[in-house]
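From first to last, the protein sequence lines are chains A and B. Sequence positions in the first sequence follow my numbering and run 1 to 749. Sequence positions in the second sequence follow my numbering and run 1 to 749.
Be careful, since some hints might not be right.
Because identical chains cannot be distinguished in the list, a pair is counted as satisfied if it fits within a single copy or across any two copies.
Result set (BS3-like, lysine-lysine): computed pairs, CA atoms no more than 30 Å apart in a straight line [as the list claims (entries may be wrong)]:
1) Lys200 to Lys473
2) Lys565 to Lys200
3) Lys106 to Lys269
4) Lys503 to Lys270
5) Lys473 to Lys192
6) Lys542 to Lys200
7) Lys473 to Lys196
8) Lys546 to Lys196
9) Lys503 to Lys273
10) Lys273 to Lys109
Hints in this document: simulated from the structure, not taken from any laboratory.
There are 2 protein chains.
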Amino acid sequence: MTCDDLKVKDFDLASVYVSDAQFNRNIFFDTSPQAVRLYLLYNHWVLQVLLFFFILVDLSLAIFEEPAVVPLPLWVTMLVELLCLLAFTVRLVHYAKVIPRDKFWKDPKNICIIAILMLTLVDIIIYGALKAASCYGVRWSRVLRPLLLVNVTEGRQLRRAFRSIRNALPQIFYVFLLFMFSVLIFSLMALKLLGKRGLKTTDGAPYFTNYMEIVFDLYVLVTTANSPDVMMPAYNASYFYAIFFILYILINTYIFMSVFLAVVYNNYKKYLKEEVRQLVRTKRHKMVRAFAVLQEQRQEGAEPVVSQANWNQVVRLVHPDISNAHRELLWSVSDHKNQGCIGRVAFVQLADLLNIEVITLKSRPHPFHSLCPALYLSAPSHLICWLVQHRAFVIVYDLIILVNAVFIGLDEENPMIANSEWGFLSLYLLEILLKLYVFEPRAFFSRHNFWNWFDTIIVVSALIATIINSAIKSSGGYSSRQILDIVFILRVLRLIRVVDSIKRFRTIINTLIRIGPAILTFGQLIIVVYYIFAMVGMELFKGKVKYYEDTSDPASEYCGNPLLKGTPFAHLNYCKNNFNSVVSSFILLVELTVVNQWHVLSSGFTTVTHVSARIFFIFFHIMVVIVIINIFVAFVLEAFFVEYSVEKSDLQTSLEKKIKELELAVAEERLEDNLVNAMETCDNDLGTGQSANTKPTLMFKIASRRYRTVDALLQRMFEADLDPEDFAETDDPEAQNNRNFANPTFSSV
Amino acid sequence: MTCDDLKVKDFDLASVYVSDAQFNRNIFFDTSPQAVRLYLLYNHWVLQVLLFFFILVDLSLAIFEEPAVVPLPLWVTMLVELLCLLAFTVRLVHYAKVIPRDKFWKDPKNICIIAILMLTLVDIIIYGALKAASCYGVRWSRVLRPLLLVNVTEGRQLRRAFRSIRNALPQIFYVFLLFMFSVLIFSLMALKLLGKRGLKTTDGAPYFTNYMEIVFDLYVLVTTANSPDVMMPAYNASYFYAIFFILYILINTYIFMSVFLAVVYNNYKKYLKEEVRQLVRTKRHKMVRAFAVLQEQRQEGAEPVVSQANWNQVVRLVHPDISNAHRELLWSVSDHKNQGCIGRVAFVQLADLLNIEVITLKSRPHPFHSLCPALYLSAPSHLICWLVQHRAFVIVYDLIILVNAVFIGLDEENPMIANSEWGFLSLYLLEILLKLYVFEPRAFFSRHNFWNWFDTIIVVSALIATIINSAIKSSGGYSSRQILDIVFILRVLRLIRVVDSIKRFRTIINTLIRIGPAILTFGQLIIVVYYIFAMVGMELFKGKVKYYEDTSDPASEYCGNPLLKGTPFAHLNYCKNNFNSVVSSFILLVELTVVNQWHVLSSGFTTVTHVSARIFFIFFHIMVVIVIINIFVAFVLEAFFVEYSVEKSDLQTSLEKKIKELELAVAEERLEDNLVNAMETCDNDLGTGQSANTKPTLMFKIASRRYRTVDALLQRMFEADLDPEDFAETDDPEAQNNRNFANPTFSSV
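Given the sequences, and given the hints that come with them, work out the whole structure.
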């Protein structure tokens with residue numbers, strides 16, 4: 001071991017750099033030993049979960065605050081909010097201890113958090129005082145809450161999404177101006193052509209006589225929400241007017257909306273490429289620093305290297321639960337010339353190597369085989385194995401699922417149908433048991449067998465729920481609606497399994513599952529935007545529109561607001577679409593995002609307040625539908641193209657390919673000596689009681705967890721376009737340092 | 001001249017090859033002299049225009065046939081249709097004379113045309129006989145008419161669009177199956193969760209109790225057309241049911257529809273790239289053939305070359321109206337070493353060179369300058385020139401336009417406003433006259449100054465229309481509504497000019513204008529699909545729904561069909577949305593394409609016929625909205641990306657760059673000797689009476705007409721991705737021949 005010249009603190013520092021590089025953290029922490037230890041604590045998952053828990057609590061307060069779903073006294077919500085503020089402050093102070101003071105004050109996100117905390121505190125005090133004096137007060141600081149989600153250090157992806165929107169905004173703005181110009185010109189033409197004709201709408205109102213109304217109507221037409229209706233009076237007057245509307249829809253709905261998508265997509269791609277390039281640069285630089293800590297000079301004048309022992313030590317610190325075999329594999333990839341030490345370029349790869357999840361597959365014998373080999377190896381047992389693995393087995397069960405689907409569709413009051421459910425349940429249970437008999441249980445339930453897990457959970461839950469339901473039914477004579485609902489949902493979900501049997505479907509589904517986690521970033525983004533709009537909407541419109549459970553109440557006819565009498569809003573029974581609680585606000589905002597009938601919804605709220613309330617709805621439309629949904633579509637398109645081209649060309653990233661080659665080399669040459677031994681002796685995270693008697697054949701398989709994180713998917717998206725000179729730059733850390741990483745860490749080396 | 005060893009027929013043949021290559025025609029014509037002459041005739045623009053005229057007449061017959069907009073006796077429409085059939089037959093026979101017999105019968109599009117002609121003839125006879133016997137007959141062959149547009153030799157782009165759809169179909173189909181599976185599963189869940197709850201819709205009908213109805217409702221929800229309405233009864237019952245619908249919309253509307261776009265876009269790009277690659281290969285091959293016809297061996301063993309004289313002869317035949325200067329320029333680009341002859345590689349470029357429109361700019365003196373120089377060069381005259389060219393002049397006129405916009409918006413009955421129109425008109429006229437005074441009129445009205453033309457046409461038409469309107473008004477005392485409409489439209493159109501002043505807008509608008517012609521191919525595609533659906537729809541639904549001009553008629557309440565009483569279709573006054581004529585059918589299909597309220601429209605027609613009529617509407621939705629609109633969006637996205645990246649990086653295609661370099665070289669070195677002389681002596685297509693006294697400075701400018709054709713835009717789209725080996729292959733025509741061009745033309749060389 002050459003460790004003795006390196007101290008524990010150096011390993012700590014190096015492992016922090018490697019772990020930062022692996023998870024793309026970009027924090028300029030202090031390199032003093034105690035700061036490093038604080039930083040390790042700062043990155044501990046318990047503290048991170050706690051932070052998100054407090055953010056969640058803070059956001060959920062809206063459920064209990066006026067207008068509330070579940071009303072709580074004011075002092076309770078305020079106390080909880082103060083507790084949350086305290087938690088955020090503690091976290092921020094912790095962060096301030098970790099990084100140098102000047103860095104802390106230069107970072108806008110820290111300033112943001114401090115401002116949010118201060119403003120919230122001020123607002124709580126003012127609001128509390130106003131309420132104590134029974135005055136009217138507005139809790140305006142609630143709008144700031146979701147911004148915490150963006151500004152905490154862990155909100156990296158969310159910040160990137162917001163930055164990408166901010167960068168696309170100027171371009172979108174110019175197209176939007178042109179688009180609005182076109183809408184205004186068309187409105188002017190509509191006013192001149194149709195305003196003087198004396199036409200009437202279906203409810204007898206004058207048609208197209210007010211310029212501002214025309215502009216709004218035509219803006220709504222762009223979203224197609226009032227599509228044939230707005231045209232009908234003119235169309236009834238003459239065929240020729242239809243040309244005006246068709247031309248309008250062609251230009252503004254089809255062409256301009258496509259141009260919006262094109263602009264958003266183009267900017268999104270361009271900007272993301274730049275971001276990912278910087279990400280890769282920063283990552284490599286971190287690795288170069290870790291290398292600088294660990295390096296030693298083997299010979300005079302030679303390139304500095306890192307020895308295997310030091311490397312092992314760092315990897316163990318970064319990933320305490322990594323198996324020895326896995327670590328050996330990674331080392332053999334890095335040290336492909338088998339020299340016992342690696343240079344800078346090979347070391348820098350470590351962060352990417354750690355991100356590639358390697359599954360260690362062992363062909364283990366079945367437990368039954370070990371317990372009673374005579375029975376397991378008998379002819380009937382073999383027949384069962386053969387049957388279960390046969391293609392017909394899958395087909396038979398697909399047919400059973402289809403028959404089941406028909407039975408579900410039929411009336412479940414019929415006792416024959418109700419009892420058939422037991423038959424289907426036992427068939428599904430039998431399938432799982434048979435598969436467990438044939439396949440090794442641990443392999444069957446390995447982490448990557450999504451459908452096996454899905455199947456088992458659904459069938460077992462359905463079994464439990466059905467038993468509970470029957471028990472309740474037979475005891476009380478009635479069945480609980482909630483349990484029945486769960487039973488039905490589970491029954492229907494069972495049917496989804498069928499898509500796994502068809503290869504074409506499987507590839508599409510797998511793509512969707514793979515891009516799923518990346519879509520969650522957009523989920524956060526949407527929640528931040530929705531939350532802000534919900535808070536504003538609640539302050540503006542709370543209590544204006546009421547929903548009456550009791551439909552015999554005459555006020556339910558007009559949603560409790562006489563102004564709504566006879567409006568389409570009341571006529572279509574939209575009373576529950578209101579801003580009276582955070583839940584109904586969110587659902588209303590979803591409806592506005594879907595766009596259809598948004599003019600009816602918005603007209604409802606403008607009727608009960610003022611026509612200027614339209615601004616709120618139009619602004620929401622621009623922000624969410626034109627900007628965010630387009631970015632979402634752009635993201636899905638790009639992610640799908642990446643996944644699609646991989647599906648087609650079986651192209652693999654250079655790194656994976658390299659590992660594959662080397663993995664084969666390992667399996668062929670060195671399987672017998674060090675790797676298998678390491679596995680046999682050290683792989684103690686798996687109970688290997690019975691595997692000792694039979695020689696296990698070892699296989700490595702690369703799982704695609706790498707694409708499960710947003711960063712990785714993005715990196716993969718643009719890997720082909722990344723500047724190859726980025727590799728060259730790793731040899732010149734100083735130059736990089738000046739550019740985007742000015743923390744003077746090299747002084748400690 | 002070395003022409004004497006080449007005969008006229010050889011030049012004819014070579015020029016046909018070059019012209020085919022230039023316009024991407026891919027016809028395997030016979031190479032005998034008379035066939036070539038027939039082929040030249042076949043490609044004559046008069047015959048092509050005539051063909052499209054007959055297709056147009058054939059398609060327009062739907063206006064006069066039962067159910068007609070303008071009814072004509074049956075014998076008239078039949079006679080016209082027979083005439084059209086005759087014209088198509090003549091054209092087909094001409095084509096058969098041009099290409100070898102075996103080629104003719106192997107081409108599916110010829111077989112298609114023959115089948116269409118035969119079937120139409122049979123249908124005319126059967127229908128005529130049935131009508132003569134007063135029986136019920138269906139003119140089913142009308143569905144085939146638009147297919148002529150696809151199958152004529154000129155419908156190249158349309159065929160390509162259809163091929164690209166056909167190639168994307170299998171992929172779309174699998175995603176569609178998965179999507180339908182998801183809809184069916186969700187419907188089953190909805191049935192089980194909501195069907196037994198005893199919920200009611202707003203009109204008191206039971207909610208979600210029939211499985212097929214649920215499937216249709218949820219399919220409609222994917223299009224968002226019934227967005228909050230379908231959810232409201234469940235949402236009113238409990239907040240939790242909203243989760244079901246939100247999940248449904250997220251998965252089926254947002255994710256699946258993005259996946260559809262991704263699949264369509266991906267296939268479209270992939271397939272188009274292959275098509276364009278083949279196009280380029282065929283084009284180069286044609287040029288190689290032309291070269292083979294013209295080539296001569298200067299020295300023994302040397303590479304064959306084409307002399308300048310022969311080259312000139314061919315270019316003159318291909319483009320009789322090309323100016324000598326332009327031809328000289330092209331030659332100097334090809335023969336960049338100035339050897340007097342060019343090799344194969346340089347010759348092959350000719351087709352692309354001819355496609356680049358080169359504008360010859362001459363700084364000519366102003367006519368006034370020639371007529372009375374003393375006045376034109378005086379100080380006041382110079383002041384005017386300075387003023388008009390000043391930036392403030394543009395700003396002042398933009399302000400005038402804005403003030404004009406406000407005046408247009410005001411009530412034109414007010415005499416002050418009405419008279420102000422004369423003021424604005426004279427201001428605009430003054431602007432044009434001033435500009436004509438300052439700029440040379442021919443330069444001002446050159447073909448590429450879109451906005452000057454736009455301005456002048458709009459202002460002059462507005463002047464004429466306003467004068468006519470005033471004349472009518474002052475004579476008869478009333479004003480004609482039609483003329484007033486035209487006046488208003490012209491006034492509003494004048495305002496559009498303002499976008500040209502703002503650079504950001506100009507670039508977006510120019511992009512849109514440039515991709516405009518390419519969008520026309522999609523226009524044709526849409527017309528073909530609409531025509532087919534309109535014909536089927538008219539046979540299915542004609543006369544079922546009637547529109548009454550007279551709203552006092554009680555039948556107008558329910559569109560003349562008692563079955564529609566109380567339906568939303570009648571309630572929303574959709575009676576005019578019917579299949580009673582080809583015009584209203586087309587407008588209805590546009591409304592169905594826009595999607596909103598399509599469930600109300602389709603339910604109207606299912607009410608008056610049968611529930612299975614939904615199939616027609618769902619099929620239309622799948623074909624037009626899911627497939628064609630997505631291809632349209634994919635096309636706009638791709639085209640915009642190409643234009644956008646050019647706008648940004650100022651990247652030019654390699655060919656254009658080469659020309660630019662050489663153009664400069666020409667301007668510097670050889671401007672004085674051959675090029676200017678050629679221009680002065682031979683450029684007789686422009687009257688150059690007064691330009692002789694002052695020395696003209698000559699400039700070439702590359703116009704971007706190259707991108708104005710669909711083929712060119714496509715080629716440019718994929719130029720970066722095009723296989724560079726395509727260049728290498730031009731040296732080996734035989735190898736190519738075997739691949740995609742089996743016409744044995746080389747025997748004639």
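Exercise for review: Mind listing which of the numbered hints don't hold for this structure, in increasing order?
Suggested key: none
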